[in-house]
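For the protein sequence lines, the chains are A and B, in the order given. Take any residue in the first sequence, note its place counting from 1, add 52, and you have its number in our numbering. Take any residue in the second sequence, note its place counting from 1, add 52, and you have its number in our numbering.
None of these hints come from the bench; they were simulated from the model. Hints may contain errors.
Since the list can't tell identical chains apart, any single copy or any two copies may satisfy a pair.
[As the list claims (entries may be wrong)] Keeping only pairs whose Cα atoms sit at most 16 Å apart, straight-line, the calculated EDC-like set for lysine to aspartate or glutamate is:
id, residue 1, residue 2
1, Lys55, Asp276
2, Lys292, Asp83
3, Lys292, Glu146
4, Lys74, Glu281
5, Lys74, Glu269
6, Lys224, Asp83
7, Lys171, Asp91
8, Lys171, Glu101
9, Lys171, Glu196
10, Lys150, Glu101
11, Lys55, Glu289
12, Lys150, Glu289
13, Lys248, Asp135
14, Lys260, Glu206
15, Lys55, Glu220
16, Lys178, Glu196
17, Lys178, Glu278
18, Lys260, Glu278
19, Lys150, Asp249
Computed from a prediction, not measured in an experiment: that's the story for all the values here.
2 protein chains.
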Amino acid sequence: MSKIITAAMLVIGDEILSGRTKDRNIGHLADVMTAVGIDLKEVRIVPDEEPAIVNAVNALRAAYRYVFTTGGIGPTHDDITADAVSAAFGLPCEYDEKALALMAQSYARRGIEFTDTRKRMARMPKGAVHIDNPVSVAPGFRIENVHVMAGVPEIFQAMLDNVLPTLETGTKLLSATVHCPFGEGTIGLPLAQIQKDFPDTIIGSYPKFQEGSFWTELVVRARDSETLERARRAVEEMVKAITTESSA
Amino acid sequence: MSKIITAAMLVIGDEILSGRTKDRNIGHLADVMTAVGIDLKEVRIVPDEEPAIVNAVNALRAAYRYVFTTGGIGPTHDDITADAVSAAFGLPCEYDEKALALMAQSYARRGIEFTDTRKRMARMPKGAVHIDNPVSVAPGFRIENVHVMAGVPEIFQAMLDNVLPTLETGTKLLSATVHCPFGEGTIGLPLAQIQKDFPDTIIGSYPKFQEGSFWTELVVRARDSETLERARRAVEEMVKAITTESSA
Numbered sequence: 053m054s055k056i057i058t059a060a061m062l063v064i065g066d067e068i069l070s071g072r073t074k075d076r077n078i079g080h081l082a083d084v085m086t087a088v089g090i091d092l093k094e095v096r097i098v099p100d101e102e103p104a105i106v107n108a109v110n111a112l113r114a115a116y117r118y119v120f121t122t123g124g125i126g127p128t129h130d131d132i133t134a135d136a137v138s139a140a141f142g143l144p145c146e147y148d149e150k151a152l153a154l155m156a157q158s159y160a161r162r163g164i165e166f167t168d169t170r171k172r173m174a175r176m177p178k179g180a181v182h183i184d185n186p187v188s189v190a191p192g193f194r195i196e197n198v199h200v201m202a203g204v205p206e207i208f209q210a211m212l213d214n215v216l217p218t219l220e221t222g223t224k225l226l227s228a229t230v231h232c233p234f235g236e237g238t239i240g241l242p243l244a245q246i247q248k249d250f251p252d253t254i255i256g257s258y259p260k261f262q263e264g265s266f267w268t269e270l271v272v273r274a275r276d277s278e279t280l281e282r283a284r285r286a287v288e289e290m291v292k293a294i295t296t297e298s299s300a
Numbered sequence: 053m054s055k056i057i058t059a060a061m062l063v064i065g066d067e068i069l070s071g072r073t074k075d076r077n078i079g080h081l082a083d084v085m086t087a088v089g090i091d092l093k094e095v096r097i098v099p100d101e102e103p104a105i106v107n108a109v110n111a112l113r114a115a116y117r118y119v120f121t122t123g124g125i126g127p128t129h130d131d132i133t134a135d136a137v138s139a140a141f142g143l144p145c146e147y148d149e150k151a152l153a154l155m156a157q158s159y160a161r162r163g164i165e166f167t168d169t170r171k172r173m174a175r176m177p178k179g180a181v182h183i184d185n186p187v188s189v190a191p192g193f194r195i196e197n198v199h200v201m202a203g204v205p206e207i208f209q210a211m212l213d214n215v216l217p218t219l220e221t222g223t224k225l226l227s228a229t230v231h232c233p234f235g236e237g238t239i240g241l242p243l244a245q246i247q248k249d250f251p252d253t254i255i256g257s258y259p260k261f262q263e264g265s266f267w268t269e270l271v272v273r274a275r276d277s278e279t280l281e282r283a284r285r286a287v288e289e290m291v292k293a294i295t296t297e298s299s300a
């Protein structure tokens, strides 16, 4: 029996919605989730506004096993993720003693003043668990199934690496790709038939447009390797049959 | 008085959530919306599953002035956007006569058979209006405030160009950027004060991490150019003051 574990991602930040910053975290999380066997089922991007964050956190944490957020945990006035996530859980947002100690130590070592602004980064919902930040010390945090991480890609990736060993993973969705020199209009009907013949697979067809003509990347996904192989072969034979036909 | 027009985007496709395809449309739409004066307020990415698409379309079209979707309007079995959007509106999904005629003509000219599979691309909710596709003919469509477009970036961009002149736009959010050589921990407090002093601006602070140290991009946004300039100058003076202080 294959085990399915779902996840959602919440990207927080005006700068993504204005186009000023191009997100680099969605693709990374998607790759990592696929690699470990967790199904990323939804992503939302919302602005730095508390009601928007609260609504999204509550919708996603109820619907999916894990939620991963990026952005808004820095020290400035527009970093409101800790407050918003606390509000979503109905918990007070407090200075975390362990985080304060860690950061005080790190700033002291670097000869940097541990200002009130910097202390803001130690705030999290009461009862949250740290997510270590090997890059710049100020930790992310987990509260229940919600993992709150940084938006700076280097820090997000490092935090995610620390989160991964704590996650329950499912049966990996295996995939096989068949290159198809034809457009979707040619292969649509036989491909739909193969999808019907192999109900335990997910067959995707991704049109590519290059130099004025279409080709297609056909991707077969299944949690069982034998099923995958049989469906892959069926897709390959379909492409061969059309090639023979069209050159006849 | 500044006029605010909001929008949301819905990206449809398993391939984005699995990481196989890296989205290139979110950043483009964000840039274009900012350029014309429409506030992109939310983005969602959902899989090729009808209930997920229906729920997202209905949530977004009720909350925002415009909705733009990408993906799932090709001819294969996993292209279910036309059906799902029809279902969201409670409308039948029908073959559109004008789309069929356009496509029949185009395929005839290119000597390609107009198969039943290709005809699938002419399906849309009853009463939908075409969005012209100068790249590969099969049109997108608009139904009420929802614009349904292709996921292939070249086609999405061309369709969006055709949609833009039909949109009501708001007062543009102008922006000015101030480079700041200090991390957020140093500037947080004075920057929050400037935000308080200029309530009609949105001041964002975007930490950049390079070669082991932080610098910050400070972005002031306002719909009024004088307000923008006054706030920008305040931010600039803040950075100068800290520079003088730290080299003293």
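- Indices of hints not satisfied (ascending): 2, 3, 4, 7, 8, 9, 10, 11, 12, 13, 17, 18, 19
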